[in-house]
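Peer 1: Next come the chains, spelled out residue by residue.
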Amino acid sequence: MDEKYIKHRYAPIIPSKDEWPVVKLARERKEFVKKVADLAEARVLGLTGKNPEIIKEELETTLYREKLRIKQNPWAVDPDDENSFWSEVKSSLLQINTDLSLDKSKRFQAYQKVLHRITSRYAEEIASNFKASHYKFTRSVVTYGFSRLLNAARVKGIKSIFSNQYTLQDKIQITGQTDQIRDLATKGTIVMVPTHFSNLDSILIGWIISVLGMPPFIYGAGMNLFNISIFAYFMNALGAYKVDRRKKNLMYLETLKTYSKEAIQFGCHSLFFPGGTRSRSGMIESRLKLGLLSTAIEAQRANFQNGFNDSSGKIFIVPVTINYHFVLEAPSLIREHLSITGQERYYKENDEFSTSYKISKFLLKFFTKGSDISVSIGRAMDVLGNYVDQDGKSLDKRGRQIETRDYFISDGKITVDQQREEEYTHMLGKRIVEEFHKINRVFSSHLVAFVAFESIKAKNNKLDIFDLIRLPEEDISIPYEEFKTACQLVMDRVLELKSQGMIDIAPHMKRSMDEIITHGIDNVGMYHAKRPLIRDKQGDIVTEDMSLLYFYHNRLHGYGLEKLF
Amino acid sequence: MALRNSSKTKRIGVVGVGSFGTAIANMLAEKNEVMVYARKEEVVEEINTVHRTSGREIHPSIRATFSPEELCKSCNILFFMIPSAAFLEVVRNFGPFLYPYHLIIHGTKGLALNLGKGESLDTVQKLKRSQILTMSEVILQETVAVRVGCLAGPNISKELSVGFPAATVIASKYNEVILEGQRLLRSEKFQVYGNSDIIGVELSGVLKNIIAIAAGALAGLGLGENAKGLLVSRGMVEMVHLSKALGGSVQSVMGLAGIGDLVTTCNSVDSRNFTVGFRLAKGESLDQILASMDEVAEGINTIRVMDAFIKTVGIRAPITENLHRVLFEDLAIEDALQFLMKYPFSVDVDFV
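Sequences listed follow chains D and Z, in order. Reading the first sequence from the start, the letters are residues 6 to 570 in our numbering. Reading the second sequence from the start, the letters are residues 680 to 1031 in our numbering.
Rather than coming from a laboratory, the hints here were simulated on the basis of the structure. Do not take every clue at face value.
Below 30 angstroms or equal to it, Euclidean Cα-Cα: the simulated DSSO-like pairs (lysine-lysine) are [as the list claims (entries may be wrong)]: (1) Z:Lys-689 to D:Lys-418; (2) Z:Lys-807 to D:Lys-503; (3) D:Lys-252 to D:Lys-35; (4) Z:Lys-796 to D:Lys-568; (5) Z:Lys-807 to D:Lys-462; (6) Z:Lys-907 to Z:Lys-990; (7) D:Lys-443 to Z:Lys-796; (8) D:Lys-435 to Z:Lys-807; (9) D:Lys-398 to Z:Lys-689; (10) Z:Lys-990 to D:Lys-464; (11) Z:Lys-805 to D:Lys-435; (12) D:Lys-141 to D:Lys-35; (13) D:Lys-418 to Z:Lys-752; (14) D:Lys-568 to Z:Lys-807; (15) Z:Lys-752 to D:Lys-398; (16) D:Lys-294 to Z:Lys-923; (17) D:Lys-568 to Z:Lys-923; (18) D:Lys-402 to Z:Lys-752; (19) D:Lys-503 to D:Lys-464; (20) D:Lys-467 to Z:Lys-923; (21) Z:Lys-805 to D:Lys-503; (22) D:Lys-467 to Z:Lys-990.
Per the computed footprint, the stretches of chain Z lying under chain D, defined by three or more beta-carbons under 8 angstroms from a beta-carbon of chain D, are [claimed, not checked]: (23) 820-829; (24) 845-858; (25) 898-911.
A few chain D positions that, by computed beta-carbon distances, are all more than 12 angstroms from chain Z [stated by the list, open to error]: (26) Asp-23; (27) Lys-35; (28) Val-38; (29) Lys-55; (30) Tyr-69; (31) Lys-76; (32) Val-146; (33) Gly-218; (34) Gln-270; (35) Ile-289; (36) Glu-341; (37) Asp-394; (38) Leu-473; (39) Tyr-564.
For glycine and all other residues, C-beta sits at the position ideal for the given N, C-alpha and C.
Make a model of the complete structure from these sequences and hints.
Peer 2: As C-alpha cells, then:
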C-alpha cells in the first residue's frame, strides 16, 4: 500500500540562472550590504529616539558584550580582526565621551558614525556569499554522492555502487502541496518555515528545493555551522546567510532583521526555522521565535506601501514538517532539554557538531542505513495565516477572497504600526504551529515510542518527568499484548484526528498493528548505542534509554493523546 | 442600493439601538457622522424621520439602516452594542460584509458557547475553556476582522444620556483600536481608559453580573450595608480567581471594568441582574421571574456557564456555586447564605 511519492525531478521554474533572485542579489551584494547597514542604522536611531545618551548606552552595552564574547566564547569562524575592531570602537567612544568641546548635535553625529561602523560590519558578516557555480556543484555532489552511497548500502554486490536502483527520492519522500509552492514561487516570494530537529535539515531542505525545481532559497544558518569548512562551503552554496546566536545586542538583531526583510522585499525566497534552533525536546515547536517571522510581515507591508499590490508583491508562508525515525543528535538534544527545564541555569550556545569527521560519520550512517525521511509541504498562507488559492489570493475561513493589504489599512491608508505588526506576528506564529500539527506525519516509530512512554508513565503516575527518566531501565517491561492494545487505542484516535484533517500518517501505518509495531521498534532511534525500544526474549517491550524514549515520544505531543492513558 | 462614495469620509457605525447603543451613538454623534443599524424596518424609518425610537431621542444627524452590507460599506469602525443573546446571530449576519480593514469595538457583556452540532450546555458533560467564547472571541471566530476591542465599565445608559460624568475602558490587543476609541468617545464628561488585556476586561464585565444577582438577593433579604461590603469584597476575590482561570489578568478586575462596574451594579436597583436576585429573595422562583422579564438577565446564563466550567476544571467559587444551586437546584436562598457564612474563607486576599 505504498503511496505515490514525487519520484521525478521537476523542471526548473526559472531556467535561466541569471534570473534567480538569489543570483541577482549576489550580483548586487555590495550595494545591498550597504543598504542594509544604512537601514539598520536608521532603525537603531529610531529605536533610541535619536537621543545621544541612549545611543551611547547602547553602544557601550554592545561593546561590553562583544568583548566578553570574544574572551569567553571564541569560535573558529570569528574573524581575526575582531579584537582590533572593538578596541577601536572603545577608543572612539572614550574620545567622544571625554571631548568636552562637542555640543549635543556634534556628539550625536560622532556616536552615529560609530554606530554606522558597527552596522556595516554586522551587515557584511551576515550577508551570504552565494555563488551559482558552487550551488550547481554542491547540488550534484549531494545528489550523486548520496545516491551512490544509498545504492551501495541497499543493493548487494560489488557493482552496486554504480547501480541506479534507488534514488534519493526513494529515501526522502516529498509529499503535500508541491505544485502549489512551485506555482507560487513564480508569482510572489516564498517564506518556507520548517520544523527543525537535526542539523541535517538545512541541507535536506536545500536539496528538496532544488528537486522541486525552485531557485535556491536564502536562509539564516547558525554561525557555528560555518566553523567547519566543508559545511561552510555547502552553506554558502545554498544561499545561507549567517546568524550568530551569541550576539544578542540591539545593533546586531536590528541588522539581522533588516537583512532578512530587505532580502524578502528583493524577491528572494527565504527559509526560516521558526523554532529558532533545533527542537531540544523532540516536540513540534510550539513557541516560535518571532524575530525573523516579523520581518516577513514587515516586508509584506513595505511591498504594499511601495504599491506592489498584485501577487508579485505578495509573500507566502509555507509550513513544512520533516519527519525522521532517527535523529542522530537526539541524545545530546534531550540531555540539554532536560537540564534546561530541570533547573534554570545558564548554558553556553555550544557547538557539539564540531568536526568534519563527526559530520562525515553522521552523513554516512544516515544515508547508508535504512531510516526513511518524509517531508510534508503544507498549504501556503499569507502573512496573516489565511490560506491562499492557486492564484495567490487570500481566502478567509469561508473561502471568500480577501485582500491581505486590508490588514495594514487604517482609515483608508496603509499605515506603519509596529505594535499592530507584533500582534500579527503572534497570530502568524500560532497559525504556523497549527499547520505543523496538521501536516505532521505519524511514523510507526513515533507511535510505539509514544505508547511505550505513556504506558510507563501511567504505571508510575506519582513520578514527575525527571524521576521517570531515572527509573532503572531493567525494571521496565510492558507485556506485548497490553502494548498492542494501547497502540491500537492511540492509532484509532490518530485516525479519527486524521479524518478531521488534524494530523497525517505515513503510508506504512496502513499495515496491520503487529507489522506497525515491528516496523516502529525496528526503526525508532535505530542507530543509537542504546536503543529507546526493543523486544526482549519473551517478546515484551523494554527500553535501554528512557530519555531517548521520551524524546521520540514527544513527537506526538500536543494532540491530547496522553489523555487516553 | 445607493452606496456612499468611498472617498468621502466614512461614518462611524453602531450596531443595535437598545438603551446602551443609543447612548453611545448619541455620544459619537457629537463629533462624528454616525450610522446605526437596527433590524426592524419600522425602527429605521422612525429614526430617519422623527429621530427617536422606543422613547429615546436620537441625534438628528444619525442615519439608520437595516442593511448590514450598507453599514459595513459606509463605516470603517463599528460599535457592536447588542444583547448577548443576539450577539452570535448578528455577528454572523455581518460576517460576509466585514473585511480586515474594519475595526470593531463591542459593548456586550456575555459569554457564548463554542459547542459542536446538537450539543448544548445540558448535553455536554464538561465545559472546557476552549468551549467558552468571550464576545471578542466570537468576532474573531466568525469574521475576518482582527482589530477588535471591547468597551466596559460602569456605564448606566440613563446617566450617560443626561450627561452625568462617567468613564469607560476600551480594551484591545491593538493600540490603534484603543486610541481610535478614545478619540471618538472622549469628552469633558466622559473619560476613556485603555487596557491591553481584552479578555480580562471582558470577563470582568461578565463576571460582575453574578455578584450583582447576589447583591440583589442581599437587598431583597434586607440585610443591610455591612453585608453588601462583604459581598463586594468577596465577590471581587471570586472574580479574580475565575478571570485568571479563563485567561484574564488580576489587574483588569481591579480596574474600572471590574471593581468599578461591580460597585455600580451592586447599587443600581434598576439593573436586570440585581432585580433577579431581589425577586428571588422575595420568594419568587426563577421561572416566575423569567416569565415577567422581557430580556434575560445575562447573569443567569453566566452562572450556568461558569458553574459548568468550575466543575470541569476543579476550582471553587462559592458565590457562583451557591447561586447556581438557588437558581437551578431549588436551594432556599437563606440556606445558601448560611452556607456562604460558614464557608472557610480563611485568607482575606490571596492573589496579589
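Peer 1: Hint by hint, work out which the structure violates, then give me just those numbers in ascending order.
Peer 2: 25
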